[in-house]
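Protein chains: 4
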Amino acid sequence: MAGNTFGTLFTVTTSGESHGPGLTAIIDGCPPGIELTTADLQAELDRRKPGQSRYTTARREADEVEILSGVFEGKTTGTPIALLIRNTDQRSRDYSNIKDLYRPGHADYTYDQKYGVRDYRGGGRASARETAMRVAAGAIARKYLAKQGIRIQAGMTQMGTIIAEQYDFAAAQNNAFFFTDSSKLDQLDASIRELLKAGDSVGARIRVVASGVPAGLGEPVFDRLDADIAKALMSINAVKAVSMGDGFDVAAQRGSTHRDAMTPTGFSSNHAGGVLGGISSGQELIADLALKPTSSITIPGNTINRAGEAQQVSTKGRHDPCVGIRAVPIAEAMVALVLMDHLLRQRAQNAEVQPIGYQIP
Amino acid sequence: MAGNTFGTLFTVTTSGESHGPGLTAIIDGCPPGIELTTADLQAELDRRKPGQSRYTTARREADEVEILSGVFEGKTTGTPIALLIRNTDQRSRDYSNIKDLYRPGHADYTYDQKYGVRDYRGGGRASARETAMRVAAGAIARKYLAKQGIRIQAGMTQMGTIIAEQYDFAAAQNNAFFFTDSSKLDQLDASIRELLKAGDSVGARIRVVASGVPAGLGEPVFDRLDADIAKALMSINAVKAVSMGDGFDVAAQRGSTHRDAMTPTGFSSNHAGGVLGGISSGQELIADLALKPTSSITIPGNTINRAGEAQQVSTKGRHDPCVGIRAVPIAEAMVALVLMDHLLRQRAQNAEVQPIGYQIP
Amino acid sequence: MAGNTFGTLFTVTTSGESHGPGLTAIIDGCPPGIELTTADLQAELDRRKPGQSRYTTARREADEVEILSGVFEGKTTGTPIALLIRNTDQRSRDYSNIKDLYRPGHADYTYDQKYGVRDYRGGGRASARETAMRVAAGAIARKYLAKQGIRIQAGMTQMGTIIAEQYDFAAAQNNAFFFTDSSKLDQLDASIRELLKAGDSVGARIRVVASGVPAGLGEPVFDRLDADIAKALMSINAVKAVSMGDGFDVAAQRGSTHRDAMTPTGFSSNHAGGVLGGISSGQELIADLALKPTSSITIPGNTINRAGEAQQVSTKGRHDPCVGIRAVPIAEAMVALVLMDHLLRQRAQNAEVQPIGYQIP
Amino acid sequence: MAGNTFGTLFTVTTSGESHGPGLTAIIDGCPPGIELTTADLQAELDRRKPGQSRYTTARREADEVEILSGVFEGKTTGTPIALLIRNTDQRSRDYSNIKDLYRPGHADYTYDQKYGVRDYRGGGRASARETAMRVAAGAIARKYLAKQGIRIQAGMTQMGTIIAEQYDFAAAQNNAFFFTDSSKLDQLDASIRELLKAGDSVGARIRVVASGVPAGLGEPVFDRLDADIAKALMSINAVKAVSMGDGFDVAAQRGSTHRDAMTPTGFSSNHAGGVLGGISSGQELIADLALKPTSSITIPGNTINRAGEAQQVSTKGRHDPCVGIRAVPIAEAMVALVLMDHLLRQRAQNAEVQPIGYQIP
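Protein chains in written order, with my numbering: chain A, 1 to 361; chain B, 1 to 361; chain C, 1 to 361; chain D, 1 to 361.
Among the clues, some could well be false.
[Said to hold, decoys possible] Using C-beta positions, here's what the derived DEER-type ranges look like:
1) A39(C) / R193(A): 28 to 36 Å
2) S269(D) / Q354(A): 54 to 62 Å
3) G266(D) / S183(C): 54 to 62 Å
4) G212(D) / A310(C): 50 to 58 Å
[What the hints assert, rightly or not] To give an idea of the interface, some chain A residues facing chain D are shown, with a C-beta separation under 8 Å as derived from the structure:
5) G78
6) E352
7) I356
For the record, the hints were derived by calculation from the structure and aren't laboratory data. Cβ coordinates follow ideal geometry from the N, Cα and C atoms, glycine included.
Chain A with its partners taken away, still in its complex shape (with noise of 0.2 Å):
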């Protein structure tokens, strides 16, 4: 329980549900003097936003956030940051068919499990909706990172069996699928088209790139750095796996493959990705993730009622045929939600460690 907090100084609580009233968060722990207006979250909101291409749900939000403390005179003034945007788009359909039904692949049957009930309409609290204030959140701590020289990308490398060559993350900020190799846009382009006619739907991978980390971010043994990494993007909606640098791949890996160089000058290679012992090295932070196709699909799929009975489902309404593609400016945003509470965690123990006088470039 009480778990819709994320993190330990600079904190982030959320709440709201898919078709309730609205969707709100309170940012704790925020240093003051940032200049922020809602004009900075607006700009990573609309990365997110739904009905933006072709390629996702229809659901027309306008996800026009409010800040309702916390910031005065354009500034922030160190006491927490209240944020809301209203739900507009709540098409007042009826839920009645899938009230007492649980959707295979969905939250339904978890949900009622746990709380004996659930708010049914769009997926409630499980929706990715929710994930809008974790932008929102994330643009914050962005904005202040940005400031200590601090970067995060992320984009597509994979969707479906369409697997990226190359890792061009400016690039993915210029096409709808944030996808990270321009060369491979017209299959993706056909692969939604097929879905779309399928009514079916795919899986993605997405990696998250951060320079600029200090060495030193970081609180071994359990709040490791990419302990925290791995949390914070498992805990987004469909993904079933994470992983640093080199990942799964270093199960094939000997000692003296792995283990990265280090020199006068750099080092060598960088299949840590970044982190060496739970601890920023300074080295670019290389996160992977996984998401799961959505189960929200069209093709019917065997499941039961709340009664145990056996039923056929099939979803109508709008839905992400890639829930992936969304969830590249969610992720940026739980990593930089990450590092800004590990930078501000480094200050306060170590302010007075005096340096080893040099950082591997």
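Given the structure of chain A, go ahead and fit chains B, C and D onto it with the hints provided.
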């Protein structure tokens, strides 16, 4: 900072360096009335203990655990349980050669960047020696979980390029590799011999399976069961990747394949790995993790010293050619700690919940 | 930092400044199935609301609360409950006179020393206006506690030199002072008139009593029930002292007097105030608190400005001559939050405890 | 549950029963580079140690502390510091007489109601013996705070009806009562003799003063500095009341008297006790606390046993006639822990704050 406590209600706080006086843990929030003796802990500790076979480090540690509090007349009292393991095999060797050297792939450099100082003997706090206390604490959790019908088993499923074709967790308990495929034991033996000869090391992949987990555990949206498992496993030394169910393979799957159909007599498949929406579904929990090959190898490598000068390093001492072997009981312990914590969390908030009356078998 | 969350399992996170857009709270960890409407919250808010009598500030705030999430079809769902109260009476007065002035007895100076900046309008975050959200959150807790037979009442027992000789908490609900001794109402009225004339203010003492609290709540050695109550009450604006049972009088007592004898039919006395060893005994919980007189008075006082220069200050605006009056429902709310949290904590760890079979009546 | 950790960034987790194998503490989040030896801890422990004078319990405990981790070559390393004190004077007396008896004024009954079981030997976890670890942990904090110019002193200001007329904290260090008024020592001595003869005990009042505290510590609205001090002090065994500055006297004060005027050369008074709006003002922090008389007295009293039957009880063993005496170093330690934690918290969020450029002297 203060990153050495794991859990919210069932908390484990650990301390101790590889070559300091000893390892300590305080387990707080343990339910009263559990029968507990040092023998219960020792049994699990012995599985992780170094020097058990020719496949692991030759360091000899009795790893004898003492219970200092929280147990009275053979039962837990609900007050904190303190555990102590004295370090015994601290060879008074000369560490001056690594005092100012940053071994590649190790945490030497990052600890110095973070704290400005480190206990360089045997890796200090960054040594996997601290995981002994995770195993001891996990043994308490497992004892309680067993009474609830929850059983946690793990096994190695890949070592280097040798990949298990069978997932026999019972068999895994009976070989020195904890390997789930007994038909590969000769290959594994040959591989370790070759590695020791070459002075190299190799990575590994481990699977953890928990059965008997009731539906309803996990606290969305951030403290999801899978998110906490991801953090728990990623916090183990050398782990670089974590996944649930089909893991990274979901990127290539379609929704019609991935979603596990539900029927009155059970789920038709388990692509999800036992978690839906961050909450346990009652299916088997399936988590995979990958460990990098240890960087402590005799093959010389390039690195720098504290002064930033280029150096060569070759680790002579005792080391595990595959740290993944001894990580099997550690992974089990970490999953046990997560389940224990979430069992108590679920009970706190939802004690009065009207269950839906059945659980899919 | 991140000091705006109260509680461990039943958590309340608040935000909002006196003259910002509004006040927000997110209550996380609330059990599902509680019937809850805005009317439940409004009833408690109205007790705290300014402008209710001539004894409190003339500021007019509707204090209309909106539930933004966590409630579905009239019942809590177990997901976070977000509350919003818009500030309506933000007179567009000119605050330039206090912008750079540090009012004595106020938090102006300390907020600037802490954050380097502050929202100076009406005290900003330091205003007691934030306590509206404590009352709203407390109303949710009280609703749940009432179902468990736990009832929390408070009353003012001293205002300035006027001291209650009766502790009639029912009567306290029926006068504008929440005073427990109705025979003093004329004196209180006369005192307030005199204070308003003199442009001064006065302190107060409040007693909170909780009945029906089961034995066993409290988590020694640090999170004792009385320790958490002490924190809860001391965190209310203007509170300078907190005590349990006989409070400071115990310093002069002897053990033979203080210890409350136990008999099969009940405790013989309640010097302890319902807590032994940090755990509730089943007796009435009795807590006292004292609030300082507000520093917002028209009598001029010496102070400094941001430049460190000597200044005179006189607070003209609307103010409560005795902030203790409106603190009565706030104190009740804070004790409710503590009890709610500890009820859930006790349930988590000790659900299976074999009770000793009876509770001293 | 899990109530045995104090602090947010500088955390202290303790364990141990009165007559178990020993007491343990893990201090996490300690800055690196602090010179620390067991002698630093022992000096403080010796002040609290039983058997120091004829005024305290005759129990003989060496209270020899061992540092098990976190210190290397005489300095803290930033990793968790584990401390161990073995219990030595565990007379193998027969406890069968109190095994099933609930001593009035003690936690016997409440522990059994909470946990269903208790270690009844010498009070188990509820014994003040656990406070030894608070003192040891506090000694680490005090060492660090001293380097920042922060000094914490306490003294007894009342024992029974004997009330100090002087507040000489230096003098308090030089008498066995830690009494701040040396002129009362003969009265105190006579009082203790009389109490021992009568087989009774007496309460006490203690004042803690911290000087050199910078302005800006405290995290409103819940984690105020004074709120955390209130919790810290109320968590000490036998404490029933806590106050800041003028404490309960503020109820009778007027705003024109209470508010401390500020001038360029300093505050004109310190009614507030060094805290405004939950944040330190730079003035001396002044906190008072009251401890009840111990219930362990030889005068027989009425109570019940586990079966709920009426019984008489008379505590024969060794006991302190005034537990307030030895609480003086404990109160200092708890205030040190709060200040240490808040110093780190302030540093985390507000490291870059532009100070207003001066602090009122």
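Structure-based check of all given hints:
1. Distance hint for A39(C) and R193(A): a CB-CB separation of about 52 Å, inconsistent with the stated range 28 to 36 Å.
2. Between S269(D) and Q354(A), the C-beta spacing of about 42 Å breaks the proposed range 54 to 62 Å.
3. A hinted range of 54 to 62 Å is violated for the C-beta pair G266(D) and S183(C), which are about 44 Å apart.
4. Evaluation of the 50 to 58 Å hint for G212(D) and A310(C) yields a failure: the beta carbon distance comes to about 25 Å.
5. The closest approach between the C-beta of G78(A) and any C-beta of chain D is roughly 6 Å, which is under the 8 Å cut-off, so the hint is satisfied.
6. Look at E352(A): its Cβ gets to within about 6 Å of chain D, closer than 8 Å, so that hint holds up.
7. For I356(A), the interface hint is violated, since its Cβ never comes within 8 Å of a Cβ in chain D; the closest pair sits about 13 Å apart.
The structure fails hints 1, 2, 3, 4, 7 (numbered hints given earlier, in ascending order).
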